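Line by line, the protein sequences give chains A and B. Residues 1 to 110, numbered by my numbering, are exactly what the first sequence covers, in order. Residues 1001 to 1116, numbered by my numbering, are exactly what the second sequence covers, in order.
What the hints contain is simulated information worked out from the structure, not anything from laboratory work. These figures come from a predicted structure and were not determined experimentally. Note that the Cβ used here is the ideal one computed from N, Cα and C, for glycine as well. It cannot be assumed that every hint is accurate.
Stated by the list, open to error - Calculated Cβ distances over 12 Å to all of chain A for the following chain B residues: (1) Thr-1013; (2) Lys-1014; (3) Arg-1015; (4) Gln-1017; (5) Glu-1028; (6) Thr-1076; (7) Arg-1081.
To be verified - Think about it this way: if two alpha-carbon atoms lie no more than 30 Å apart in a straight line, the pair counts; the simulated DSSO-like pairs of lysine-lysine are: (8) B:Lys-1071 <-> B:Lys-1011; (9) B:Lys-1057 <-> A:Lys-70; (10) B:Lys-1057 <-> A:Lys-26; (11) B:Lys-1057 <-> B:Lys-1011.
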Amino acid sequence: SQQGEEDPQALSIQEGENATMNCSYKTSINNLQWYRQNSGRGLVHLILIRSNEREKHSGRLRVTLDTSKKSSSLLITASRAADTASYFCAPYNQGGKLIFGQGTELSVKP
Amino acid sequence: DTGVSQDPRHKITKRGQNVTFRCDPISEHNRLYWYRQTLGQGPEFLTYFQNEAQLEKSRLLSDRFSAERPKGSFSTLEIQRTEQGDSAMYLCASSLGLAGGQNEQFFGPGTRLTVL
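With these hints in hand, go ahead and build the complete structure from the sequences.
Shown next as structure tokens:
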């Protein structure tokens, strides 16, 4: 399916450490998007990586994409307590809708 | 603030009642999406519009659910005869929806529905 599956389901780290989350998918994609959701709030678009890109940076975020392995990773460097949230990947092909997995719940302890 | 607004933010209703939610997308966006999210799960796609046309509906969308986008701007999602299983966060998103575009979606804050 086009659904992204995030791994791990939960991650707990100390402030200042790096956090790495992984995403796997099964079909071909046009792009892959990462979103963040703070508890009880809407989703915030973080970064989009196209299928012909291998790596993309945005501030403290680094996303990689390996289309041969159908996988992506999101790295948050120098994490802060404010990064505590759920993170979702959304592989996108055509057709409009995004199909989300269960997400990775990140807890950053001060 | 992404610019997508939803109203109300919270709704408590009794089983069997009808509820209606509203979503106002970012003004230049021609695509509008509805998702539903329950605790501990990712958002599940319900339906989406391109302008006023409803292009896709999920099998999750039973006959009790209906969505409209009459003028291609705001949208409403109505749930008739609510059931306790309808309790969830209802999320709206919008995107530019350009042909061959990347479909980056911007989400609203959601409407939390509680059915007693």
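Status of each hint after checking the structure:
| no. | hint | in the structure |
| --- | --- | --- |
| 1 | Thr-1013 | holds, 19 Å |
| 2 | Lys-1014 | holds, 23 Å |
| 3 | Arg-1015 | holds, 23 Å |
| 4 | Gln-1017 | holds, 23 Å |
| 5 | Glu-1028 | holds, 16 Å |
| 6 | Thr-1076 | holds, 18 Å |
| 7 | Arg-1081 | holds, 26 Å |
| 8 | B:Lys-1071 <-> B:Lys-1011 | holds, 25 Å |
| 9 | B:Lys-1057 <-> A:Lys-70 | holds, 27 Å |
| 10 | B:Lys-1057 <-> A:Lys-26 | holds, 22 Å |
| 11 | B:Lys-1057 <-> B:Lys-1011 | holds, 23 Å |
In summary, the structure agrees with every hint in the numbered list given earlier.
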